[in-house]
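Engineer: Protein chains in written order, with this note's numbering: chain A, 1 to 262; chain B, 1001 to 1443.
One thing to keep in mind: the hints can contain errors.
[What the hints assert, rightly or not] Below are the DSSO-like pairs computed for lysine-lysine, each with C-alpha atoms no more than 30 Å apart in a straight line: (1) B:K1003 / A:K223; (2) A:K95 / B:K1003; (3) B:K1082 / B:K1003; (4) A:K95 / A:K223; (5) A:K33 / A:K95.
Hint data in this document are derived by calculation from the structure and do not stem from the laboratory.
Here is what each chain is made of, one letter per residue.
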Amino acid sequence: MSLLYTLKVGNLARKLEDILKVPQHAFGYPLLKPEGLTPGVREGLMRLCPSGAFAEAEGIFSLDLARCVGCGRCALAYPLGVGEMRSLEVAVTRKEDLVQQVDLERGGFLDPGPAPAPRRELRLPTLAFREVSAGDTGLTDSEIALLNNPFNDMGRFGFQVVASPRHADALLVTGPVSRNMAEALRRTYEAMPEPKGVVAVGNEAISGGVFAGSSQVLAGVDKVVPVDVYVPGDPPRPGAILHALMLLVGRMTQRLVGGVLR
Amino acid sequence: MGKVREALREGRPVALFPYGDRVVLWVEYPGGEKGVLGPTQAFFLGERRRFPSLAAEFPALDWFERALWERGFEPVGHPGLKPLRRHDLPHTFREFPHLHEVPVGPVHAGIIEPGHFRFSVLGERIVNLEIRLGYQHRGLLSLMPGKGAEAALLLVERAGIEPVAHAMAFAEAWERALGWGAPPRAQYLRRAALELERAFGHLGHLAGLFTDIGYAYGATQVGRIRALLQGELDRLTGHRYGRNFIRVGGVWREGQPDLEVIAAHREELARLLPRLLKNPQVLDRMRYVGEVRRAEALALGFVGPTARASGVGRDLRQDDPLYPGFTPVVRQGGDVLSRAQVYAEEGLKALEYALFFLRHLPAGPLALDPPPGEGEALARVEAGRGEVVWFVRVEAGRVVVAEGVDPSFKNWRALELAVRGEGLPDFPLCNKSFDLAYAGSDL
Chain A
1 MSLLYTLKVG NLARKLEDIL KVPQHAFGYP LLKPEGLTPG VREGLMRLCP SGAFAEAEGI
61 FSLDLARCVG CGRCALAYPL GVGEMRSLEV AVTRKEDLVQ QVDLERGGFL DPGPAPAPRR
121 ELRLPTLAFR EVSAGDTGLT DSEIALLNNP FNDMGRFGFQ VVASPRHADA LLVTGPVSRN
181 MAEALRRTYE AMPEPKGVVA VGNEAISGGV FAGSSQVLAG VDKVVPVDVY VPGDPPRPGA
241 ILHALMLLVG RMTQRLVGGV LR
Chain B
1001 MGKVREALRE GRPVALFPYG DRVVLWVEYP GGEKGVLGPT QAFFLGERRR FPSLAAEFPA
1061 LDWFERALWE RGFEPVGHPG LKPLRRHDLP HTFREFPHLH EVPVGPVHAG IIEPGHFRFS
1121 VLGERIVNLE IRLGYQHRGL LSLMPGKGAE AALLLVERAG IEPVAHAMAF AEAWERALGW
1181 GAPPRAQYLR RAALELERAF GHLGHLAGLF TDIGYAYGAT QVGRIRALLQ GELDRLTGHR
1241 YGRNFIRVGG VWREGQPDLE VIAAHREELA RLLPRLLKNP QVLDRMRYVG EVRRAEALAL
1301 GFVGPTARAS GVGRDLRQDD PLYPGFTPVV RQGGDVLSRA QVYAEEGLKA LEYALFFLRH
1361 LPAGPLALDP PPGEGEALAR VEAGRGEVVW FVRVEAGRVV VAEGVDPSFK NWRALELAVR
1421 GEGLPDFPLC NKSFDLAYAG SDL
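Isolated chain A (complex conformation) (with noise of 0.2 Å):
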């Protein structure tokens, strides 16, 4: 490490690709192999992902990264038809590009088109965001506050949490939104001044999760306010968080699109 870049950052905080890199020990994010796909393989899949990440409908095969847990057994069970992604580098700004969809009589992905550009009005040149948990069992939340701790280091990035909405510009959403969590989230949103922004950080605060089927949580942030970036993981680990932000202030180009890497 240089001398120039400890001046700059501090000897413990880690460099900005270091951060998005999935460390080597652990299992990344799946990406389906269009050739490895056959009958077989998808039964396979479909019957041993744990969290029903796997569809198949129409002649489409597809996996959805917002209800993927991370454990990694479809690729060691199946590495003809699943591969990983070794990058952080997930947020994306509408939903959809979060799902893999292989068009199973063509063998390839389907192209959803180019990613929209992220709202102008957000490129702020530091950012205060406030933090809502709205059902997630703290392990996101945990997440969140490791972005503060020497190795991450946001405030570096000109990040920083604030205790209230009036001064955020961005609001950062965990869980799936349970039922009685509902209205003080609407009212976070609301008591934040214009323009702001929000980021549902983790597949719960995406879809439910593994929640997704109860009568207790509304299943999704943007059932109850309006959501600009999407953050996948379970948790998140923090450089996937840190993406996403980056994403919303438009320092960083969403790079995941119809669920694969561009």
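Since the structure of chain A is already known, use the hints to place chain B on it.
Structural biologist: For chain B alone, kept in the frame of chain A given last:
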């Protein structure tokens, strides 16, 4: 009922939950072989969804009975029913005509789960605190029936902030229900992960406490080592919090944590923590603040470090043959400092045990598939915050009944007691000293 009362007077309640249209009460008797923990026994109470309330006599059962009442059971003779998790039922706070009321939450200033606290204050002095939870209620228990082992574990790992402990208790209950057990290597790996989880959690409580008193040096040092230790839990389990690691019948994988690194962190903590906890600033802000007395801890059935810091020497690991010569860490003060001391000492011990388990891994498979069949069992695991309980009834590989209790559910009222008589600004400090999981009690 006479027998139940006698059992509760001698022992302590472990869990109370519905079973068909009756309720079942699990009681732990005192005096096992090592003289501290005893066997548990189940008592079936009431019928047709009515059962006699014991909450007035045994306040540890109060929240359990309120939770049952919300689920359509009637505790006959309960002194004051109020919803815990459901917000569609009427809820009124206790009123004190001459006191000022300070409502706080559910959305708090920091990054923390939601809960509502109603303080009744005289000047700045807290006279009464009433806690209203349920904001994190996701209907988790209602999703359990019909699930297979893997799908059930996904939910169980979200039942509290300590996924390893929950998954381990659930897997053990399932295995025990089928008269099965995980192979020795898996047993050791599970415990290694459990101890790393404990150390990670305890260091988090300590870092939070230092932050709350403005002791930035302590918070940064502990936070740094904690972040590095999380990397080792990640290396062992493949998940930064240990999810997707434990399965019914064993564990899914075996990672490669760096034992030298864990040992080095332990040594650094062993030098650092005693010094930090003797800092005058720490002593000044933490000593004699937020006291919970031993009698209160016993009567209200507190568990884990909360109870041990108030002189109740109970730790489920005493009963575990894989922890040779285990003695619980006990402090008598019952204040914030005592709890911090328990976290520090237990954190160090947890790392020692993690190293012990990883260095003495028995040979053999990581998992064995349990046999088909049916049965039911209760299992308990000492998580960082205290006793995690899971009961499961399995038929043809599916959950028929599953009930779980997170330690936070038993400990929340300790906070009400701790802040009584304290200044309002000390609330965050007291709260952090318990660091309870909201989601865990809102199941």
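Engineer: For every hint, state whether the structure bears it out.
Structural biologist: Status of the hints after comparison with the structure:
no.: 1; hint: B:K1003 / A:K223; result: 51 Å, violated
no.: 2; hint: A:K95 / B:K1003; result: 58 Å, violated
no.: 3; hint: B:K1082 / B:K1003; result: 28 Å, holds
no.: 4; hint: A:K95 / A:K223; result: 13 Å, holds
no.: 5; hint: A:K33 / A:K95; result: 21 Å, holds
In summary, the numbered hints that this structure violates are 1, 2.
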